[in-house]
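**Student:** Sequence:
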Amino acid sequence: MYRSVDDKMKKDSTLQPLDRFESRREGVVEDTGLDVLGLQSEIQRDMSPLAIISVGWNITNSWAGIAATMALSIASGGTVTLIYGLIVVLIVGGLSAASLAEIASVYPTAGGQYHWTSILAPKKWSRGLSYCCGAVNVFGWIAISAGVCIIPPQLIAGIVVFFDSSYEPKSWHIFLMFQALNLIIMLYNIVLLKRTMWIMDIGFAISLAGFFAVFVVCLARSSTKQSSEFVWTAFINSSGWKQDGIVFLTGLVNPNYMYAGLDGAIHLAEDCKNAAHAIPRALMSTIAIGFMTSFAFAVAMAYSMADFDDVLDTPTGVPIYELWRQATRSEAAATVFLIVVFLCGIFALIGSMQTSSRLTWAFGRDNALLYSSYFGQISPTFGVPIYALLFNSFVIFIIGCVYLGSSTAFNAILSTGLILQQVSFAFPVMCLMLRRRSPKYLPSSRSFRLGPLGWLANVVTVAFAAIVLVFYCFPVEMPVTGSSMNYACVVLGAMGCYNCMKRRIICDCTPPKCQKCQKKGLDCPGIGSRIRFNDGIASRGKLKGRNVPTLAASTTAPQLDKDRLTSLLPNAQALVVTPPMLEMPLEILDAKTRMLFAHFSESVSPVMVFLDEVNGYRHHILPFACSDPVVQRAVCVTAAFHLSAKVPGLRQPAEAGKTAIITKLREMAVRDEPSAVLNHSTWAIILLLMVADLVVAGDDMQTLFNMLVSISKAKGADSCGNGNPLPAFLQEQTELLKLFAGPIISEQRGIELLSLEAAPHMSFISTLLERADPAKRPALLQTDEAWRQARAIYLRRAISSGPASSSTDTTDTILAVETLRRLLLTVDPTAPAAHSLVWPYFVAGAESTTEEHKEFFKGRLEYLLASTGYANVRVALDTLRELWAGGAEERWTARLPKTTSVIIM
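The working numbering numbers the first residue of the sequence shown as 775 and each following residue consecutively.
Don't take each hint at face value.
To be verified - Simulated restraints on C-beta separations:
(1) Leu1597 <-> Asp1652: 20 to 28 Å
(2) Trp1229 <-> Arg1103: 47 to 55 Å
(3) Ser1180 <-> Ile1241: 22 to 30 Å
(4) Arg995 <-> Glu942: 25 to 33 Å
(5) Arg1210 <-> Ile1113: 49 to 57 Å
(6) Leu1178 <-> Arg1209: 41 to 49 Å
(7) Ile1573 <-> Leu1597: 21 to 29 Å
(8) Ser1219 <-> Arg1103: 51 to 59 Å
(9) Leu1178 <-> Leu1555: 54 to 62 Å
(10) Leu1555 <-> Ala1419: 30 to 38 Å
(11) Ile1241 <-> Lys1293: 33 to 41 Å
(12) Leu1178 <-> Thr1600: 53 to 61 Å
Unchecked claim - Pairs of lysine to aspartate or glutamate residues, derived as EDC-like cross-links and limited to a Cα-Cα distance of at most 20 Å, are as follows:
(13) Lys1512 <-> Glu1526
(14) Lys1628 <-> Glu1656
(15) Lys1487 <-> Glu1509
Keep in mind that the hints were calculated from the coordinates and are not lab data.
All C-beta atoms, glycine included, are put in the ideal place defined by N, C-alpha and C.
Just need the whole structure built from these sequences, with the hints factored in.
**Tutor:** In structure tokens:
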């Protein structure tokens, strides 16, 4: 027979329900404190104070938690967020733990925060606040348990990938391991936990021993150490957020994992001997040991990291694995260390399931759940709440099923764990502050006292909950897309429709519109958070009544900074009105790939098109890349090359990625039929690699250009009449590159291409002028005229008998250059299409014979180099200097192919 609180209350009429009880006596230790709350312990107290400390530590496992989630802070602030974030979390987490420890020393119950809220809240709010706190705490702990459960499968997959690079982890592989682990640990908690409590002491010992081994070996074996400047001051912001403060606050998620599950010991109070003393000690020891190990670990790993970018780009998906391989210079040692983290994850899952089940049991004991008579039972055979364990495990199973459908939705659920944890801390602490920390509720004889620090600790606990509730719901990347959105706010807000929540009634949650709204004749906004889209028009906020900008169909150039330019090359006329070929399912991409895609879309692709609203790289190639892994890798390589100007460490992995792509293409050329190689995928890949070479002024330009021309001849006929905008865009970009490459290949080739009146850039500008926004037409007309004058200057020099400096028509030369200079003086460098003037600037600069002209065009090119980040502009500057320094015996148009092989555009 199971015993429930309902049966007990029937037999003992002196006990009162939780919502009607207000404590007036001090809870000292053991069951005396529970009697004060109208409760009686039904769990055998067989955990010693050391055991409760061990369990509390095993749940948080601070240094292992930091190791397993290090990628979060690496991408959001780097070592600065990781190291200084630990200090911030120590302060706020330590004060929060101190606040909880003080209350736990008086009221040691498995319900923890929601029991305390019931006691401390004003009487009329007691029932509602305690229920909200309990619901928040229960779901938060289930989310934390699910988050811990996913780590070991990911580590296993990482190890397999490490030793077998051909293995590609599938979602269902992770899913099966996740569910198997969920089932095994649930059965262990039911059948063996009470008989093997000593296992937590072993876990505690393994964790600390593993920490010391990793700390010592990595520092001793690492061949190179990062500089102190990198470790302590290198703030890396690749998120897209302009405000570093926001990046730091959103990146605190990783340091905050140091204390994930901090309140675990609290919910084991009724398993523990002398809980009023043991729980505060467990909390504070977890804070102290957690910080000492985590901080030392983080600093040691930061110094031992050999290649930051390889760590971030590791194919295993486990950055700490690559870091350990670099530091130890041993695959075996790195694998052993990862196995230690795996074991720590197993112990953490055991403790998390044990703790969450005690919380669910306590909630059921207080009739706060459906079928509370079951959930509030303790098995007399096993001494554990079996139904609570089964319920929690079932919910974790459902969360795991979400992973199969969408990793984004799965991560959104997990991300609520830390948020709900801190919010649950704030409930009782805020109520305690409302009670002005009265001795009536905090007797002076309590075992743990904060004294003068009490108010400070309480205020910081509540304030940090507000900060977490806001900033941990922020997206970690900008601009926000469907896949980079942080859906934690949606999970937190999915409680009913907005109207029902506003009217403070229970919503029936009938999709798409609830029945209660329909009965009242209200326009139901739908279930969950009030996020609505009305035909692309904002209905609320500062953009009310205006078009809502989107990434896939931006109508204005995205602005990263003041100096950002928006376009470079002309684009295909058909793309002005053609809708995107594919939807862009970014949720299938991992966080690093999404970040690189966003950077390509916002910083790389706009420079390669004439106007950003006809950006075929964004509208056609990026969606195509989501379904083609090689094209996807080419996009990432190009973005990484561009980022390497600010993050030099990215250059090496970008080069390696480029080499791998070219190797892949060569293998396909040898192995497959021509039809399998000469396709749109290969065409897009080569075009992207050409863009990458423009970005870094690479050495493979000529080879890639020949490949591009060959495939365009083979596939060019497919570019028209099939309704697919991708091949048309690829063909148009190829023609433009051919135009710019002509003068670099040979003077004769340049004459042939530029002599054509229907040159691609000329025809496109004419077409674009007819469709462009009237406000942009003046700038386009200026650009068009600048191109025509530069073209005339090139052709005039190419067919002349000598260089400008020795020409008999020096006056005409100076006049032509001056005319172009005066035109360009009227062009705003930030105007639409102004960045496409690289070639006119270069031609006029090469033709210049006066210092004034040379300085002007050099200055304009330097501006474009700084604003676009394309190294081919730097090559244009270097080439100008060589042409100016050369002799007067040969035309600069003839010397140009001998001076550089990089396309200037």
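**Student:** Each hint should be assessed against the structure and marked as holding or not.
**Tutor:** Hints, one by one, checked against the model:
| no. | hint | verdict |
| --- | --- | --- |
| 1 | Leu1597 <-> Asp1652: 20 to 28 Å | 25 Å, holds |
| 2 | Trp1229 <-> Arg1103: 47 to 55 Å | 52 Å, holds |
| 3 | Ser1180 <-> Ile1241: 22 to 30 Å | 28 Å, holds |
| 4 | Arg995 <-> Glu942: 25 to 33 Å | 31 Å, holds |
| 5 | Arg1210 <-> Ile1113: 49 to 57 Å | 51 Å, holds |
| 6 | Leu1178 <-> Arg1209: 41 to 49 Å | 47 Å, holds |
| 7 | Ile1573 <-> Leu1597: 21 to 29 Å | 23 Å, holds |
| 8 | Ser1219 <-> Arg1103: 51 to 59 Å | 58 Å, holds |
| 9 | Leu1178 <-> Leu1555: 54 to 62 Å | 55 Å, holds |
| 10 | Leu1555 <-> Ala1419: 30 to 38 Å | 33 Å, holds |
| 11 | Ile1241 <-> Lys1293: 33 to 41 Å | 40 Å, holds |
| 12 | Leu1178 <-> Thr1600: 53 to 61 Å | 59 Å, holds |
| 13 | Lys1512 <-> Glu1526 | 11 Å, holds |
| 14 | Lys1628 <-> Glu1656 | 13 Å, holds |
| 15 | Lys1487 <-> Glu1509 | 11 Å, holds |
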